[in-house]
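Chains as they are written, first to last, in this note's numbering: chain A, 1 to 397; chain B, 1 to 261.
It cannot be assumed that every hint is accurate.
Said to hold, decoys possible - Label pairs and their calculated CB-CB ranges:
#	chain 1	residue 1	chain 2	residue 2	range
1	B	D168	A	S239	46 to 56 Å
2	B	K240	A	N260	54 to 64 Å
3	A	A52	B	T55	48 to 58 Å
4	A	K33	B	G152	48 to 58 Å
5	B	G151	A	I62	47 to 57 Å
6	A	S300	B	K240	23 to 33 Å
7	B	E228	A	K137	33 to 43 Å
8	B	D110	A	E116	45 to 55 Å
Claimed, not checked - In silico EDC-like links for lysine to aspartate or glutamate, alpha-carbon gap of 16 Å or less:
#	chain 1	residue 1	chain 2	residue 2
9	B	K240	A	D365
10	B	K259	A	D394
11	B	K33	A	D355
12	B	K163	A	E266
13	B	K88	A	D35
14	B	K221	A	E59
15	A	K71	A	E155
16	A	K329	B	D168
17	A	K334	A	D355
18	B	K88	A	E60
19	B	K256	A	D394
Since the hints were derived computationally from the structure, they do not count as laboratory data. Cβ coordinates follow ideal geometry from the N, Cα and C atoms, glycine included.
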Amino acid sequence: MGLKINQSLINDKTGKELQELCPFGAISYENGKLDISSACRLCRMCVNKGPAGCISYEEEKIEQIDKSKYKGICVYADSDHGKIHRVSFELIGKAIELAKVISHPVYALLIGYQTEENVRELLNYGVDKVFVYDHEKLKDFDIERYANCFSDFIENEKPSSILVGATNVGRCLAPRVAARFHTGLTADCTRLEMKENTDLVQIRPAFGGNIMAQIITPNSRPQFCTVRYKIFDAPKKVSEPKGVAVNKTVKEEWLQSHVNIIDIIEKPEETDISEVDVIIAVGRGLKSKNDLAMVKELASLLKANIACSRPMVENGMFDAKHQIGLSGKTVKPKLIITLGISGAIQFTTGMKSSDCIVAINSDPDAQIFNIANYGIVGDLYEIVPELIERIKVDRYV
Amino acid sequence: MNIIVCIKQVPGTTNVNIDPVTGTLIRDGVAAKMNPYDLEALELGLQLIKKNGGTLNVVSMGPNSALEVLREAIYMGADGGVLISDRKFGGADVLATSYTLCSGIRAIGDYDLIITGKQTTDGDTAQVGSELAEHLGIPHIANVRKAEVKGGVLECVYQLDNKIYTADIAMPCLICADSGINTPRLPSFKRKVEYGKAEDRIRIITFADIEDQDENHYGLKGSPTKVEKIFEPDKKVERKMISGTDLASKTYDVLKAHKFV
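One chain only, chain B, in its complex shape:
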């Protein structure tokens, strides 16, 4: 079977602040990494390949620096990687991102299964997987905890709120992996030495390589949502700071005053 796993490079920290003087965003310089939820999606895919045979490719959308996470995935066991990258794709919201991924995946060719992680740690929307499935016109299941190939279909166990479903889904299809479903393997040192920069296993797809050449479908232009402004959250004014000595009994007094003890 052919599996595609979507991965994303995210900032190493989610700690972003606004500079009070200039109003600009400040990010501290922690190195970027693979979105941790994608590691579980990749592990799920690698286990399916081990059982059923086939190839697994990873796909990412982002700047050239994202090649790093494609390499990491290849060292973990992916056969190859594709980076979808072009300045025309910049400023994309959920719709434009999922559409760009769809166009890129179509340019790669056939697949039986696409796996995405639950969400990313920088966007936190958990929406790109479902939108991607819609663009590709394939069925999808989210919150997948287990997946197994049985008689040509994929049997999935997934959780919807307080119910656990077991269902067959016809392939090709897309599944969004839930979190906490496996322990992702570490990159293999042997593969790292053997493949080096893995250049022959990585392909870059730009705007010129995709079929839909209407620029209005990509990046900021293809994004129906617009960020009007960013601002610092309100700070609650009614507050009392307690410091010094006897903190436990002062805490107790607070709880007592509110009848919690």
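Just chain A, same shape as in the assembly:
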């Protein structure tokens, strides 16, 4: 398998064309010879779009796994806070949809201590089976212990797909277990679909840019993906839960750990931008820290929280916890007003499901306008102060 160069078709014209074509700069043409470097990502652009026959792609026959041996769509129920994280319920909603396509059962995997209430809660959301690993030493998240229980579940139940919430715990645990089973893991999926052959179609933004990638795991099971909070909707609770809990024995040897927890502090309650109803998000269009004063005033009038795009964290104006986007938080408020944000997909991925998007940007071609319900083309330094006055006037009338 790999790319084969047909040197007999390589000349100054085709060589240069191929060199130009490669998006990763992996093809070089020098002194009549074409070479492909290790920068090659096998995107096969050169095969499909390049001059015919110059570069070909040879595929080997690979032994196919028996996918019918794997059954069930499983959601990892993240309960590090004692309570189950809401992202897990959202994933159950999606898992029920996906399972319908292939008539698979829906599972939840719960690892923790004193889990009775959480088990009931999971069954209320309509899962068919909750697999429970309950042990005192599983009270706090420990990567080795949790990965061992997770692995036991996979070995014995052979689920076809596993959906994990992209919490800090999920992001740490899912890769560890996926690597153990030499299987694929797609991070931060924004759409999931199911093929009839049980391949999970995982769609996520790629290249940090404006492209979506559709990814499958065609010859490995289980298929792993992580999804952020607030991408999908939680299902309605069922009136008469029909699912059952399956209690698993936790073996002593799984509980060994190289990590010794000394202390755990609950972080003081602070407003989480992914929970609020109204957000004003600022981007590079805001020139200096002093200009935040007017943003704050508008925010207090609208009872809004202030958030930002990635560049504002990189330039030190904001703390990372205020960042919306692929590398920040996903938000879904009733109203979001963006000020001076151009709208790269890195940002919009984290907010495009908001109910109402009002974008203010002076560039009429800004990408943010593609997703905004109201695109206001103008200077935020003129609009914001006037808007503040207008709201104040209204209050006193």
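Go by the hints and put chain B onto chain A.
Only chain B this time, still in chain A's reference frame:
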């Protein structure tokens, strides 16, 4: 102590578009740079070496152009660098990437601690560190904000969602640094002059140098995930553009109509 810090060269911009005519990817030509999250991982490592003594090497996987980020790390204070590079490693997903890094690190030799950055700005998955730890069979902790050597173990402060943990972890181990934990130092001009291209401090590891010679474990072949297609995201159709004069009061009308004021 021996520390290995994993670093990656990423495109200078994340602004990639699809050419509507040819369907090809267009990248604008901003120079590649070191993944900014890795700078914090490197700084964390350099501070540990300063306190505890030892050596720090950086490891990167990528084409020859990635030598540039190894040099930058050496000018910042790393003792040496290793580039894991081979065409056979191309097209790797998270599993194949982490496995290749694992094979390369095994070829380098002993270590007490491996540090990775939080994520890269081009892949944005934040998964390679955890998978690397699994392949190496060592414990790991992610989202590490502070790390200190205390009595032969590493004491880490790390954040899991709304809790801050303090824990000891036995070495050898791997930690994934969180973001915003330090201010990375700049490359030293003195070191740059002294080391030049730092050729004697950089080693290149190819497929031939690693122990597992099964090509099915690397690159595209070793990648369980396949990209079926790439496409442009949907654009929301229901939208109203407002321009011209009186923008503030038109904005106000929108907010009023939706009962936000």
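Outcome of the hint check:
1. In this structure the hint that B/D168 and A/S239 lie 46 to 56 Å apart at CB holds, the actual value being about 48 Å.
2. The hinted window of 54 to 64 Å between B/K240 and A/N260 holds, with their beta carbons roughly 58 Å apart.
3. At roughly 52 Å, the beta carbons of A/A52 and B/T55 sit within the given window of 48 to 58 Å.
4. Range check, A/K33 to B/G152: Cβ separation about 55 Å, and the 48 to 58 Å hint holds.
5. Between B/G151 and A/I62 the beta carbon distance is about 50 Å. The supplied range of 47 to 57 Å therefore holds.
6. Look at A/S300 against B/K240: about 27 Å separates their beta carbons, and that is inside 23 to 33 Å.
7. Range check, B/E228 to A/K137: Cβ separation about 42 Å, and the 33 to 43 Å hint holds.
8. The hinted range of 45 to 55 Å is satisfied by B/D110 and A/E116, whose Cβ atoms lie roughly 47 Å apart.
9. For the proposed pair B/K240 and A/D365, the alpha carbon gap of about 14 Å is at most 16 Å, so the pair holds.
10. A hinted pair counts as satisfied when its Cα atoms are at most 16 Å apart, and B/K259 with A/D394 qualifies at roughly 13 Å.
11. Of the pairs offered as hints, the one joining B/K33 and A/D355 is violated, with about 37 Å between alpha carbons and a cut-off of 16 Å exceeded.
12. Taking the CA atoms of B/K163 and A/E266, the gap is about 5 Å. The hint holds against a cut of 16 Å.
13. Taken as a hint, the B/K88 and A/D35 pair is honoured in the structure, with Cα atoms around 14 Å apart against an allowance of 16 Å.
14. The hinted pair formed by B/K221 and A/E59 meets the criterion: a straight-line CA distance of about 10 Å does not exceed 16 Å.
15. Restraint check for A/K71 and A/E155: satisfied, since their Cα atoms lie roughly 12 Å apart, inside the 16 Å limit.
16. Among the hinted pairs, A/K329 with B/D168 is inconsistent with the structure: their alpha-carbon atoms are about 29 Å apart, more than 16 Å.
17. Among the hinted pairs, A/K334 with A/D355 is consistent with the structure: their alpha-carbon atoms are about 5 Å apart, no more than 16 Å.
18. For the suggested pair B/K88 and A/E60, the alpha carbons sit about 15 Å apart, so the restraint of at most 16 Å is met.
19. Between B/K256 and A/D394, the direct Cα distance comes to roughly 10 Å. Compliance with the 16 Å bound is thereby established for this hinted pair.
Hints 11, 16 from the list above are not met by this structure, while the remaining hints are.
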